[in-house]
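Those protein sequences? They're chains P and E, same order as listed. Mapping the first sequence onto this note's numbering, position 168 (from 1) lands on 176, and the numbers just tick up by one. Mapping the second sequence onto this note's numbering, position 156 (from 1) lands on 164, and the numbers just tick up by one.
One thing to keep in mind: the hints can contain errors.
Subject to a maximum C-alpha distance of 30 Å in a straight line, what follows is the list of computed DSS-like cross-link-like pairs (lysine-lysine) [to be verified]: (1) E:K133 <-> E:K344; (2) P:K250 <-> E:K311; (3) P:K36 <-> P:K174; (4) P:K311 <-> P:K344; (5) E:K344 <-> E:K174; (6) P:K311 <-> E:K250.
For each label pair, taking beta carbons as the anchor points, the in silico distance ranges come out as [to be verified]: (7) P:R248 <-> E:N29: 14 to 24 Å; (8) E:K344 <-> P:A325: 42 to 52 Å; (9) P:R248 <-> E:A316: 16 to 26 Å.
Which bits of chain P does chain E cover? Going by a derived footprint, with three or more residues having C-beta under 8 Å, they are [as the list claims (entries may be wrong)]: (10) 268-275; (11) 292-302.
None of these hints come from the bench; they were simulated from the model. Ideal placement from N, C-alpha and C gives every residue a C-beta, glycine not left out.
Number of protein chains: 2
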Amino acid sequence: MIIDCHGHYTTAPAALQGFRNAQLARLKDPALPNPADPRISDDEIRETIEGNQLRIARERGSDLTIFSPRASHMGHHIPDPATAQTWARVCNDLIYRVTTLFPDNFAGVAQLPQVAGEPLETCVKELERTVTELGFVGVNLNPDPSGGWWTSPPLTDEYWFPVYEKMVELDVPAMVHVSTSSNPAVHTLGAHYLNADTTAFMQLISGDLFARFPTLRLVIPHGGGAVPYHWGRFKGIATRDKRPPIETHVMNNVFFDTCVYHQPGIDLLTTVINDDNILFASEMLGAVRGNNPDGDFPWDDTKRYVEAAPLSGEARAKIYEQNTRRVYPRLDAQLKARGR
Amino acid sequence: MIIDCHGHYTTAPAALQGFRNAQLARLKDPALPNPADPRISDDEIRETIEGNQLRIARERGSDLTIFSPRASHMGHHIPDPATAQTWARVCNDLIYRVTTLFPDNFAGVAQLPQVAGEPLETCVKELERTVTELGFVGVNLNPDPSGGWWTSPPLTDEYWFPVYEKMVELDVPAMVHVSTSSNPAVHTLGAHYLNADTTAFMQLISGDLFARFPTLRLVIPHGGGAVPYHWGRFKGIATRDKRPPIETHVMNNVFFDTCVYHQPGIDLLTTVINDDNILFASEMLGAVRGNNPDGDFPWDDTKRYVEAAPLSGEARAKIYEQNTRRVYPRLDAQLKARGR
Numbered sequence: 009m010i011i012d013c014h015g016h017y018t019t020a021p022a023a024l025q026g027f028r029n030a031q032l033a034r035l036k037d038p039a040l041p042n043p044a045d046p047r048i049s050d051d052e053i054r055e056t057i058e059g060n061q062l063r064i065a066r067e068r069g070s071d072l073t074i075f076s077p078r079a080s081h082m083g084h085h086i087p088d089p090a091t092a093q094t095w096a097r098v099c100n101d102l103i104y105r106v107t108t109l110f111p112d113n114f115a116g117v118a119q120l121p122q123v124a125g126e127p128l129e130t131c132v133k134e135l136e137r138t139v140t141e142l143g144f145v146g147v148n149l150n151p152d153p154s155g156g157w158w159t160s161p162p163l164t165d166e167y168w169f170p171v172y173e174k175m176v177e178l179d180v181p182a183m184v185h186v187s188t189s190s191n192p193a194v195h196t197l198g199a200h201y202l203n204a205d206t207t208a209f210m211q212l213i214s215g216d217l218f219a220r221f222p223t224l225r226l227v228i229p230h231g232g233g234a235v236p237y238h239w240g241r242f243k244g245i246a247t248r249d250k251r252p253p254i255e256t257h258v259m260n261n262v263f264f265d266t267c268v269y270h271q272p273g274i275d276l277l278t279t280v281i282n283d284d285n286i287l288f289a290s291e292m293l294g295a296v297r298g299n300n301p302d303g304d305f306p307w308d309d310t311k312r313y314v315e316a317a318p319l320s321g322e323a324r325a326k327i328y329e330q331n332t333r334r335v336y337p338r339l340d341a342q343l344k345a346r347g348r
Numbered sequence: 009m010i011i012d013c014h015g016h017y018t019t020a021p022a023a024l025q026g027f028r029n030a031q032l033a034r035l036k037d038p039a040l041p042n043p044a045d046p047r048i049s050d051d052e053i054r055e056t057i058e059g060n061q062l063r064i065a066r067e068r069g070s071d072l073t074i075f076s077p078r079a080s081h082m083g084h085h086i087p088d089p090a091t092a093q094t095w096a097r098v099c100n101d102l103i104y105r106v107t108t109l110f111p112d113n114f115a116g117v118a119q120l121p122q123v124a125g126e127p128l129e130t131c132v133k134e135l136e137r138t139v140t141e142l143g144f145v146g147v148n149l150n151p152d153p154s155g156g157w158w159t160s161p162p163l164t165d166e167y168w169f170p171v172y173e174k175m176v177e178l179d180v181p182a183m184v185h186v187s188t189s190s191n192p193a194v195h196t197l198g199a200h201y202l203n204a205d206t207t208a209f210m211q212l213i214s215g216d217l218f219a220r221f222p223t224l225r226l227v228i229p230h231g232g233g234a235v236p237y238h239w240g241r242f243k244g245i246a247t248r249d250k251r252p253p254i255e256t257h258v259m260n261n262v263f264f265d266t267c268v269y270h271q272p273g274i275d276l277l278t279t280v281i282n283d284d285n286i287l288f289a290s291e292m293l294g295a296v297r298g299n300n301p302d303g304d305f306p307w308d309d310t311k312r313y314v315e316a317a318p319l320s321g322e323a324r325a326k327i328y329e330q331n332t333r334r335v336y337p338r339l340d341a342q343l344k345a346r347g348r
């Protein structure tokens, strides 16, 4: 089977955004009432999924998507913990409904109620709720909840340890994924996302996180940001900074997805990075929609590139399925329970 | 001939750092005296150049380096304009001495006295001084003088126009190059440099800078950050954001250097990016020093990778020399005046 490890519910029914708008309006005007949870029918969910992600997955031939709330709308830069908690709960509950309506096609990943500068206790609670009560198989962790200002400590800092401890206990990985940029100098999809991937990886080189949490697993999306393209640079900097070799210090615990939207990029990724560290993904429907006018096929049809990359059948099977089942053991257990 | 468009005086005599230390000490304790300019002999300069950059350039077979003060030491995050002005003058004057001692091997590029949030008039003056009085052929422009906090407006904002107007008048390009990161979450060489390259490129896609300044030329170093690896992403985002095609909107004015420290990276760069937009560079001795233990050759020996890349002789000649003479016309004029 083919598992897409990186999908967001970017096509959620409009009532979700209406709820968010009401939340944000109330932050500006506390006299407004607390908005009621959005009313969304099963049919509305079916329609937005069947007409979009599920239709396209079937067209392209992927079987299951690891699915989380829309990343750019997590909005962790909004400085109100109560708002963040409710928003995460509402978004995660909607993902849960997708996974119950389409149990063969979607597995859930949680949004956390992060707020820059705030402690992570509520995040730990929401992580536990989504995994133990909703059957989620992973979590998205935002290394820069300020949204482009980088005010949080590096991922190797003990600030983050409560989340890691719960992840280890529950045996779920995190995808390191920022939300929207609130910094006018930094474009969300064309700069902030890629910069965050690169920054997080360099934080991991500089620290010793996996000595403390040897079973912690982090997925760095968007093909690892700039990292595989500059693999020699990172190896050289690690040596110069007297860090252990990246391969043993970081790459037992870190995985890159295949959200790289052209053939030369996927060729580089699969040439430079070990087959064991690559997880198939498309982020469909995500940052880059529409067709490549040069080739008349969708930019984000990453399966096309992986098929054409110089990989053995064994390596492709790892990337499509085996690595992801290893990194997301709760997904593997769910699939095995269904005989898959 | 082979021109390396990206070298910094990272091996400057210790008196330069002593001067800087005295400057910074005086900022903390204004009772201290204004430090005198550093005393550095010609022999000291010769020694630091002949034993390092010039020796290595000769070993590797490059002929001339476009040379600027050490990028990570520009320190634009230090919030004192007078300090920045003196520091830029001292650093640029030292580069000038290198170019007069080794006129066949080095051409000067200026450091600007940028300070985050401050107007750019003093930068314009230093740019004019270095080009018209010291014979410099270009300038380094820092898109994030705050050092990792991204508090300045995008490069397409009119804040930057005074520098662009002077660049156009003098017909010199800028390399878009940040300095040290003062943000503990963002590693200078392994994250901030690459992020800045990516961020700047996306700013240019989002704006219309080259409609206003059609002859402005910007060199984005470190192989363009994450851009060539994610070329499909940038093309797709430009389309989705209803921007003109990158090729006509940006790539008549933007150039990437070859500071990518492994073969697959250079292969991708030269495959994805038009031959006319690539300038040979090594940033020797820069971020990544020392030998690749796997290959027993220096990481930053980028000529080795360019030689092995799938390029025609014609394309290689453009990358090694012709593009750089076109982007740096004052260098071209200096070379022609010497019959080169």
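Hint check results:
Restraint check for K133 of chain E and K344 of chain E: the C-alpha separation of about 27 Å stays at or below 30 Å, so the hint holds. Restraint check: the Cα-Cα separation between K250 of chain P and K311 of chain E comes to about 26 Å, which is no more than 30 Å; the hinted pair holds. Restraint check for K36 of chain P and K174 of chain P: the C-alpha separation of about 34 Å exceeds 30 Å, so the hint is violated. The hinted pair formed by K311 of chain P and K344 of chain P meets the criterion: a straight-line CA distance of about 24 Å does not exceed 30 Å.
Restraint check for K344 of chain E and K174 of chain E: the C-alpha separation of about 24 Å stays at or below 30 Å, so the hint holds. A distance of roughly 26 Å separates the Cα atoms of K311 of chain P and K250 of chain E; the hinted pair therefore holds under the 30 Å criterion. Checking the proposed 14 to 24 Å range against R248 of chain P and N29 of chain E shows it holds: the Cβ atoms sit about 23 Å from each other. Between K344 of chain E and A325 of chain P the C-beta distance comes to about 59 Å, which lies outside the given range of 42 to 52 Å.
Checked against the hint of 16 to 26 Å, the pair R248 of chain P and A316 of chain E passes, with Cβ atoms roughly 24 Å apart. Judged by the Cβ-Cβ criterion of 8 Å, the stretch 268-275 of chain P is covered by chain E as claimed, because 6 of its residues qualify and three suffice. With a cut-off of 8 Å between beta carbons, the stretch 292-302 of chain P has 6 residues touching chain E; three or more are needed, and the interface restraint holds.
The earlier numbered hints that this structure contradicts are 3, 8.
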